[in-house]
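Undergrad: From the two separate chains plus the hints, produce the assembled complex.
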Amino acid sequence: MEIHIPTPLRAFTDRQETVSVPATTVAEGLENLVQKHSAMRAHLFTPEGKLRSFVNVYLNDEDVRYLPAKEDTTVADTDELTIIPSIAGGTPAAAGCCR
Amino acid sequence: MIDTTNLPKLTNEEIARYSRHLILPEVGMEGQQKLKAAKVLCVGTGGLGAPLALYLTAAGVGTIGLVDFDTVDESNLQRQIIHSQSTVGKLKVDSAEIMLKGLNKNVNVVKHNTMLTSANALEIFKDYDVIADGTDNFQTRYLVNDACVLTGKPNAYGSIFRFEGQASVFATEEGPCYRCLYPEPPPPGLVPSCAEGGVLGILPGLVGVIQATEVIKLILGIGEPLIGRLLLVDALGMSFRTLKLRKNPECPACGTHEIKQLIDYDQFCGIEKPAAVGPLEVSSHGKVDASAAIVEGIPQMSVEQLKARMDAGTAPFILDVREPHEYAIVNLGVPQIPVGSLPDRIAEIPVAKDAEIVVHCKSGARSQKASLALKQAGFTNVSNLAGGILAWADRIDPSLPKY
Ligand SMILES: [Zn+2]
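Sequence lines, in order, name chains A and B. Read in order, the letters of the first sequence correspond to residues 5 to 103 in the numbering used here. Read in order, the letters of the second sequence correspond to residues 135 to 537 in the numbering used here.
Read the hints as simulated data drawn from the structure, not as lab findings. Owing to the predicted nature of the structure, the values given are computational and were not obtained by experimental measurement. Careful: at least some of the hints might be erroneous.
Computed footprint of chain A on chain B; a stretch qualifies when at least three of its residues, placed anywhere within it, have a C-beta under 8 Å from a C-beta of chain A [claimed, not checked]:
id, region
1, 292 to 305
2, 311 to 318
3, 375 to 383
Just so it is clear, CB atoms sit at the ideal spot from N, CA and C, and this is done for glycine as well.
Extracted from the complex, chain B is given alone in its bound form (with noise of 0.2 Å):
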């Protein structure tokens, strides 16, 4: 991976530096030198990005190149450690920057404030030795794939959701890549919605820090890499298990190669484009149009719509269908009846079946198809509060928290 013929040389402040790699066998000055020759690219620096490039960086890994377009955050400083209470604010890719050389004086970084697109993905695959995935949606994950398939560069790649975590090194010339794995990627409705949302913020640290680990041993060329291999952590009862992968001959992007260059990521996940009101899997994913009167046959209330009525003392009934981890942090003081289990406990609904209700949750989707799952047990009368208790925050009672 690395070209062995020509590595640079340490300088003495950097022999003193990494002594305590130098006196390993297994990374040595050679191994010192191959690291500081290696160029490794963090496809975004949040969760997992945050301490993989941060590590890589103290490692001595020679160029570090950051992917992010995004802006600081507070929220992100739950998890994104790379990221700082001063640099709220600032382009991640500026403000990581800046932690990366406070850390290590040496560390090249390579700032790509963009995107990762079809259209830019390769170009920039190309100039580094290892790509190190810390998306965050599926389009970049398949996007970054085939990317590094076509490319030939391996993939460090790390996946989070709530308290679990995967690992796994892909698009290596003998082992699977993602694809060979998932073939294609979860319709969007049956994607966790936001109610499943959330993560725990070490649990990034700890796979982040198993990327940066394969990324370290792909450059060393030691031990056995997770190729072929996939490593589940799972935080809550702290196990890891790995399981076997196996690389399909019939996958189009490494087994049959018909996949010859990037295609439209958001087409294959079926997601539209920003702005198009769609079928409910996709509607799910994001927000309702607040605009639209009716959505799949679902009125639309506005918030304003809904407070005229509680003002005038014509409240209609209205369910509350997010989860109660959600309901402890800021209710409307309404029943509540998660959507998952909706179906199970319409009973549990107090108003007949031609009495009005409004269905509210955080911020619109989740209610949307409760209200249609409710109009299928038969209630008639069913509308969507749209905007969520979000837009009630915003616009009705500005006291309310927002999460």
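Bound conformation, chain A alone (with noise of 0.2 Å):
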């Protein structure tokens, strides 16, 4: 399946916009996609191992969290996940970050 990495994170994708991986499940996708690029599973998972709560990961244009089995729920290879990334830019020159 292909899973839309956004602007912030592409940095760990080498730069790819989207990444295939094989899977099943979102759980899998995921754990996939982070085995593949190993320097995002800090930022999308816990050390536990548990998805962010300010990641949002979409499955087509459904939240992953309102699915009833939500992460375990099967995918298809036509299937396309989206992360979701917190931005709040607007006027970048004030953020206090790169002045």
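TA: Spelled out as structure tokens, the structure:
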């Protein structure tokens, strides 16, 4: 399946916008993603292996949190996972970071 | 949203001015009168607020509130088209007013030259019909959200990052709020650093105009606003996707309503008050305190100290941990490995584990992170160049450009 990587996380996927991984469930897809790009792991999962609460994962256009089987939902090759980043930008010059 | 029983009349001049609206049946006389009656608050007059306020003003929105505490800098003009060369140095609210009044003499501009805070947000919001959030940090995002939920005002939300944008309408009675999507902010350490910062100048134009479109639809009561939907804009692929958002019954703001008043959003977002030298996550957010000799076990070298060592011919190995595109802007002619790929590229460091290494980046935060990574990888003599290449350009070689 294809996983869409948001810009802030593309630094960890060699700038790739989508990553293809084999998967039968949402959880497996994410696990294969972080296997492939190990630096992603800390950004997506807590040290205990739980998906971080500020990371939103969508299966097609549905929030995985609201699917009955959640991360255990089975997926097909044609399904798409999208990781939604928290972005706050509006006027980056005033963001206190990049002065 | 707009009380239609007592709509303001349009003058003949206004009827002529807005004729392209009036001949649209979906707008018509009553719609244009609703726009005239409407009061919209633009939080921020930056990249998103600029096109937003300009188009709302052009469209005939009667009252535009502007919240900003900043002044116009020339580097804003790459995207903040509400300001101009002639207003550099002026307060942004004053600069924006000049442009808006120049575009439409009928607009009533209300200037709030202040930082939006928990203490003033409810008071400011109460006079408006729609809030348009074009701010630039998580603290204000949550503040605007909670204040919208508490005052019952819809929030036309937009956000941008590099080539990517998001838009939605939050905090309507039936729809979800920002907290339903993002129950908590990312820890500051996981927020993209300066390395991944930057934004394509036209992108806020694109997203800000989407926000303006949503504001107009809300005022007119037409179409399908982005309530319960998140629009994702990818300017590089030029693809637009919408995802379904749900109202979270457990949401402390719009679900359980346990948030009854505004809170301390700096604390909520894990941001320490300025001047505090915090843990890595916090310091990586801003500058590492250059006056501290040792931060988290990493000695901090000043640019003067490094210069003296270079002049004496005893320069340590210097490593630049910025990104290639930053290196292309300005560099010290030293080897470079971006901080993100450092763990995988440790083997490329051409000196022994006990050799002295000084790490630098733009302003000292990423290099602090990199120093810790090097230390963890077994290097025993690692220092961080306090203030980074900006300090070098300021205090050692003023001929270098700053970015
Ligand atoms: Zn909510």
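Undergrad: Each of the hints needs a verdict: does it hold here or not?
TA: Now the hints, each set against the structure:
no. : hint       : result
1   : 292 to 305 : holds (count 8)
2   : 311 to 318 : holds (count 4)
3   : 375 to 383 : holds (count 6)
The structure shown violates none of the earlier numbered hints.
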